[in-house]
Amino acid sequence: MNTKPKELQTSSRLHSVISTVADRLAGSVFILPTVLALLFLSIFPLIASLYVSLAKCDIAPGGFKLTFVGLDNYKKLLVGSEGTHFLGKFAPSTPLTWVVFGAVVITLAVFMIKYLLNARVSISGVIGRVLLTVGLGALTWILVHTLWNEGRLGTASTTLVYVFVGIFFQYILGLSLAMLTVQRLPGRRFFRVIFLLPMMITPVGVAYMFRMLTDTSKGPFTPIWQAMGLVDFSWVNNAWGARTAILIADIWQWTPFMFIVLVAALESQPVEPIEAATVDGANSWQIFQHITWPAILPVSMTLILIRLIEAFKIVDLPNVMTNGGPGTSTQSLTMHAFINWRALNIGASAAVAYMLLFLVTFFAMIFVNLIRQRAVETL
Amino acid sequence: MKRWFQSKSINTPSPVGAVLSYLILGTWAFLILFPLYWLVVTSFKISSQVAEGPFYIPFVDFKPSLDAWKYILVGDLSQDTIRNFSNTVIVAPTSALIALALGATAAYALVRFEYHPRIGAILTFIGCIILSIVAISLGVPWQVALAVSMAVFFILLQTIGRRFKRALGNNDIAFWMISQRMLPPVAVVIPIYILFQRLHLLDTYSALIITYVTSNLPIVIWLMRDYISTIPIELEECASIDGASRYRIFWTIVLPLAVPGLVATFLFVLVFTWNEYLLALFLSSAKVQTLPLTIVAQNATRGPQWWNMSVLILIMIVPVIVIAIILERYITRGLLIGAVKG
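Those protein sequence lines, which keep their order, are chains A and B. Residue 1 is where the first sequence starts when you use our numbering, and the numbers rise one by one after that. Residue 1001 is where the second sequence starts when you use our numbering, and the numbers rise one by one after that.
Hints in this document: simulated from the structure, not taken from any laboratory. Among the clues, some could well be false.
[Said to hold, decoys possible] Only pairs whose alpha carbons sit at most 25 Å apart, straight line, appear in this in silico SDA-like list of lysine to any residue: (1) B:K1063 - B:S1086; (2) A:K56 - B:K1070; (3) A:K65 - B:I1129; (4) A:K218 - B:Y1071.
Work out the full structure, taking the sequences as your base and the hints as a guide.
Written as C-alpha cells, this is what we have:
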C-alpha cells in the first residue's frame, strides 16, 4: 500500500540525486571562493613587483618608464653601493667571531651528516637542508661581523632583531597573562578587556603615542630621566637605546594578540583530563607540561608563524619614533624599501621588498617544516 | 597555614596564588593604562602646555581645555571626522564578516577534506598568467588576452597537465595561503592601485573591502584551522551516519562549536581592517577615506598636533572596545564539555 503520490516520489529521488552530487562537490565548494579571491589579488601584484625589481624606473613625460636592468638592483644591495645599508658594516674578524661562526658551522654540519646517514633520504629533503645550512651559515657570518666591535647592523639584521626578540617576549608575556586570567578570579573579565586595548589602537597611533612617551624633556618620564642625568639624552643618539624603545612599543602593542588567542585556546580545552590528573595527584607543573601544553601547542605554533610574518613588515614604529635614526640603525627592511620608494627609486624598493620576501619565506619554511612539524609530532 | 597555599578546585587559585596573580595582572594593567591615560591628558591640553614639559593631572598641574575636542568634533575638522568615521564603520565590519565567512569554510575544508592539486596543473596556470601579462604589456586588449590564456590553460591541462602526476597536499595549500601576507604592503600597493584603476573602482567601498578581505583571509584560515581541528571528529561522523550533508554538518555542528575561535578571529580581523593605513591611503582619495588617514594628517607642517591626534586615537578606540566587551563573553570555557560523551 503506497500512499505517497507519484509526483512526490520522483521529486524526492531527484532531490536525493542533487544532494549526493552537491555533497561530492562539497570539497570544492568550501575552498574555491577563497582560492579565487586570493588568486585575484595576489598573482598580479606579485609578478608586477618582481618585474619592477628587475627594472630601473625613470620619470618620463606622461608617467614612468621602466627599463629592464636584470639583477642590478639585487647586486647593489648585496655587494654594491647599498651594501652597508642593507647588510651592515663589517668589522674585521677577531678570534671570537671565528669561534662563534665555527661552532655554528659545526652544528649545521653535524645536522646535515646525521640526515644523510638516515635511511629515509629524499632529494627534496637534501635540497631543503642544503638551503637551510647555507642560509643560516651566511646569516651567522653577517651577524658575528656586524653585531659588535666596529660593526654596524644593516636593515636586514635589525629586522631580525625586532622579529625574534619581539616575538619571544610577546609569547612569554601573552602565555603567562592568559594562564593567569583563565583562573577563576573575580574581575578577570575586566583584566581581559584591559589587556586587549593596545592591539585596538591603530599602529600609526601607537607610534605617535610612544614618541610622546619617550620624549626625554616633555614626556611623562622626564623626572626619571632627570634623576638619571639624561635630560638632554635623545633616543636618536644611541642605536641600542633607540632599538629598545621600538621593541618595547612593539611588545606593548602585540602581546594582546598572543594573549587573546591563547585565552581562547585555554578556554576551549576539555576539563576532564585535568580533573583526572588532579585526582591522581599530579602537581600543577605536571598538568601544564602533559595536558595544557600539548593542547595549546598547535595554536601557539600558528600564532608564532603569523606574528613572524607580520613582524618582518614592521615600519610604523621606527618611521615615526626615530625616523630610522641614529643614522640607519633602527631602520627595518620595510622602512628601507619605503625610503627608496619615497625617493622614487622604485626598482630598488621592489628589490628590497623581494629580499624581505626571501628572508620571510626562508624562516617560515624552517619554522613550518622543521619546528612546527617536529613539535606537533612529538605530542 | 597550609590552607593558604591550597586551592579549593582546579581553577580557583589558592589565597596566596590569588594575591600573586592580582599583583602581576595589576602591574600589567597599569603598564597598559598609563600610556592611554597620557593620551587622555594630552587631549585636554593646548599647544603651550605640551611644549612646556610634563603636566600630569588636570586641574592640579594645568588647566584643561576642550579646544582639541571641539576642533575635531564640532569645529573645522568635524565634517572630515564624521565622514571618515562612518567610512571606517562601514568598511571594517563588512570586510571582517566576509573574510570570516570565506575563511572559516576554507579552514574547515583544509581540515576535513584532502586536496591533491597537481604540480603540472599549477605550473601551466602560472605559465598562462605570465603569457597573458606579457601579451597585455605588448598592447593586446586585456579581455582578449585573459580569454585566450584561459583557453590555453584548459587545453594544456587536459593534455600535458595530466602527465605530471606529482601532487601537493593540504599543508602546501595552507602555506601558499599564508605566504600571501609575506610581501610588505609597500611593494604591492602600486600594482593593486593600477588594478583597481583599470577596474574603475578607486575611491569606492568595494576596492577597500575586496583588498581587506583578501589580505586578511590567510590569517582567518590559519587561526580557524587550529580551532576546527580540536573539534572531535566523532560528532561529525555521527551526523554523517544520520544522513546529514556536509553543508549541514558544517552549519549545525562545526560552526557552533567553533564560536570561541570565530569570535577571537573576528576581533582580530576587525581590528586589522579598522586600523589599516597604507592601503587606505592609496585606494581612497576623498570619498572613502578612513580614520587612520585623519590621524596621520595631524602631523602637519607645524609639527605633530599631539592634542588633535590624541582625540582622534581615543575616538577610534571606543567602538572597538565596546565590540570587544560584547564579544568577550563568547570566548568562554566549556563549550566542548560533554560533547563527546553523549
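Do the hints match the structure? See the list:
For the proposed pair K1063 (chain B) and S1086 (chain B), the alpha carbon gap of about 32 Å is over 25 Å, so the pair is violated. Taking the CA atoms of K56 (chain A) and K1070 (chain B), the gap is about 49 Å. The hint is violated against a cut of 25 Å. Between K65 (chain A) and I1129 (chain B), the direct Cα distance comes to roughly 23 Å. Compliance with the 25 Å bound is thereby established for this hinted pair. A hinted pair counts as satisfied when its Cα atoms are at most 25 Å apart, and K218 (chain A) with Y1071 (chain B) qualifies at roughly 23 Å.
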